[in-house]
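Trainee: Okay, here's what each chain looks like letter by letter:
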Amino acid sequence: MDKVEKNLLNEVLNHDSIEQADAYNIRANGHLQKRKENPYIHIRSKKDGTGIDIEVLPDTLFGIIDIPVIITESGLTDIVYNDFYIGKNANVTIVAGCGIHNHAEKQSQHNGIHRFFLEENAKVRYIERHYAEGKGEGKKVLNPTTEISMKKGSYLMMDTIQLKGVDESIRITKANVEDGATLVINEKILTNNHQTATTDFQVTLGGGNASCHVVSRSVAKDDSYQEFSSNIIGKDLCYGHVECDAIIQENGRVKAIPEIDAQSVDANLIHEATIGKIAGSQLMKLMSLGLSEKEAENAIITGFLK
Amino acid sequence: MLELIDICFTRDHKKILDHVSLQLEKEKFYAITGPNGSGKSTLAKIIMGIERPDSGRILLDGVDITEKTIDERARLGFGFAFQQPVCFKGITVYDLLKIATGKEIDKKEACSILSKVGLCALDYIDREVNNSLSGGELKRTEIATVLAREPKLAIFDEPEAGIDLWSFRSLNRVFQQLGRSNSGITLVISHQERILNIADTIILMEEGHITKMDTRENMVSCIFQEVKCCSGGEMNG
Numbered sequence: 001m002d003k004v005e006k007n008l009l010n011e012v013l014n015h016d017s018i019e020q021a022d023a024y025n026i027r028a029n030g031h032l033q034k035r036k037e038n039p040y041i042h043i044r045s046k047k048d049g050t051g052i053d054i055e056v057l058p059d060t061l062f063g064i065i066d067i068p069v070i071i072t073e074s075g076l077t078d079i080v081y082n083d084f085y086i087g088k089n090a091n092v093t094i095v096a097g098c099g100i101h102n103h104a105e106k107q108s109q110h111n112g113i114h115r116f117f118l119e120e121n122a123k124v125r126y127i128e129r130h131y132a133e134g135k136g137e138g139k140k141v142l143n144p145t146t147e148i149s150m151k152k153g154s155y156l157m158m159d160t161i162q163l164k165g166v167d168e169s170i171r172i173t174k175a176n177v178e179d180g181a182t183l184v185i186n187e188k189i190l191t192n193n194h195q196t197a198t199t200d201f202q203v204t205l206g207g208g209n210a211s212c213h214v215v216s217r218s219v220a221k222d223d224s225y226q227e228f229s230s231n232i233i234g235k236d237l238c239y240g241h242v243e244c245d246a247i248i249q250e251n252g253r254v255k256a257i258p259e260i261d262a263q264s265v266d267a268n269l270i271h272e273a274t275i276g277k278i279a280g281s282q283l284m285k286l287m288s289l290g291l292s293e294k295e296a297e298n299a300i301i302t303g304f305l306k
Numbered sequence: 307m308l309e310l311i312d313i314c315f316t317r318d319h320k321k322i323l324d325h326v327s328l329q330l331e332k333e334k335f336y337a338i339t340g341p342n343g344s345g346k347s348t349l350a351k352i353i354m355g356i357e358r359p360d361s362g363r364i365l366l367d368g369v370d371i372t373e374k375t376i377d378e379r380a381r382l383g384f385g386f387a388f389q390q391p392v393c394f395k396g397i398t399v400y401d402l403l404k405i406a407t408g409k410e411i412d413k414k415e416a417c418s419i420l421s422k423v424g425l426c427a428l429d430y431i432d433r434e435v436n437n438s439l440s441g442g443e444l445k446r447t448e449i450a451t452v453l454a455r456e457p458k459l460a461i462f463d464e465p466e467a468g469i470d471l472w473s474f475r476s477l478n479r480v481f482q483q484l485g486r487s488n489s490g491i492t493l494v495i496s497h498q499e500r501i502l503n504i505a506d507t508i509i510l511m512e513e514g515h516i517t518k519m520d521t522r523e524n525m526v527s528c529i530f531q532e533v534k535c536c537s538g539g540e541m542n543g
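For the protein sequence lines, the chains are A and B, in the order given.
Residues 1 to 306 (my numbering) make up the first sequence, in order.
Residues 307 to 543 (my numbering) make up the second sequence, in order.
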């Protein structure tokens, strides 16, 4: 693995050594580069070669699984289908995402379709980080799709982060949450220049006491554009909360489209959206502590996207 | 010494500060009091650089700082506790204290600063500075950020505003301590007799003017006597 690939890997995983993981699968330029399994976490290539199946056996505790994708070939469109089967009572952390280095003129694109099947009482912390770099004219495009199926009492916390370099992204997340299961999604997106990012959440709270919390925090700078839409459907006694907070700077634009659909009288659904520039009072407070206006802006945005 | 010379500030055709001049000496605790709308907060904001005067000059130890920005004044040693503490998304009490001190303090040092304002530090250090904190907790955090800077000029805009009596009592102890150990200039805008009783000098503002300025001993009885006569014992807050 060369220096560029190592850097991409670090940006996606946010830690120095993939060897720390209990299991991993590195996909580079559309092909398997390296894989590690253990007796409780199995990773197998799909027979049709379109992706991998990750199986976590029931009762597996504190497993860490890294599933990074890196692309350094300009002009490559990589589409991968990864399915995660999380056994009953298992508790794992999964770090996935894609890093693109595009130094040339052609568009590089990765479409990652991840499906999660959580059995009863399974717990998953899922971190998905997208990053792109390279001075070439070729666009860096990342389109992640996540489909989540959660059985009784299961829990999934998903952090989805895209802070640098991605020119275009369409992020689709669909979930079906059953009895007593909880889905928590934290999204952090920063766009600048002429980048565009579209996010769409579709969650069905199908079982009694199912709950879902979606918090999206985004910053749109320069001439970038972001669109956030969410649709939470409550079919039973349930709680759904969506919060979309966006900071806009320069000519940045953010559009939020809320949709909540209570199909049961016991459904309790909330949608909040706030879009605006950085509050003058926040800048003044930090400047009164000695930061310049630019430093204050950076501190506010860093905190906001932390 | 901080010197304000002939400061004027008009907004919407209303003279908020009308030719105000004032000298503040080192190692002194000043309290500014007076009716609502008398120009107290505007004066404090003009000292900090949050508002710009229409005319007049501000000198610090003889050097004209009228054109200095908020952050430049902060770096000169000015500190300002806002009447309405500012809330942030994602910035914790610890983050704010690190910004205030201008260095990578560890949690122990941050806890020591928070304990000065009576906050049980470990309960608060990782909390976000937002409305999940109570009014009293936000106010004390706000004051802690000013104390953390060990400012040469500390300005507190109505520290008692928006907090309950119990929180105020513990805050009052902070100001008593500040009054005893004060090496710079402390300027507190307040309507509270307890705060006025700590001050070395009390400044009374009315309708954009400083109408009286004298020692605590001479001012307190005079102010409260006047107010009692006017409003039957309740000071105009």
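No wet-lab data here; the hints were simulated from the structure.
One thing to keep in mind: the hints can contain errors.
What the hints assert, rightly or not - Covered stretches of chain B, going by a simulated chain A footprint (3 or more residues, C-beta under 8 Å):
id, stretch
1, 370 to 378
2, 391 to 397
3, 502 to 510
Predicted model, so just to flag it, every value in this text is computed and none were measured.
Yeah, the Cβ is synthetic: ideal placement off N, Cα and C, and Gly gets one too.
Trainee: Hint by hint, note whether the structure agrees.
Mentor: Each hint tested on the structure:
Check result for the stretch 370 to 378 of chain B against chain A: holds, 3 residues qualifying (beta carbon to beta carbon below 8 Å, three or more required). Under a criterion of three residues with beta carbons nearer than 8 Å to beta carbons of chain A, the stated coverage of the stretch 391 to 397 of chain B is upheld, 5 such residues being counted. Residue count for the stretch 502 to 510 of chain B with a Cβ under 8 Å from a Cβ of chain A: 0. That is fewer than the three needed, and the coverage hint is violated.
In terms of the numbered hints stated before, the structure departs from hint 3 and from no other.
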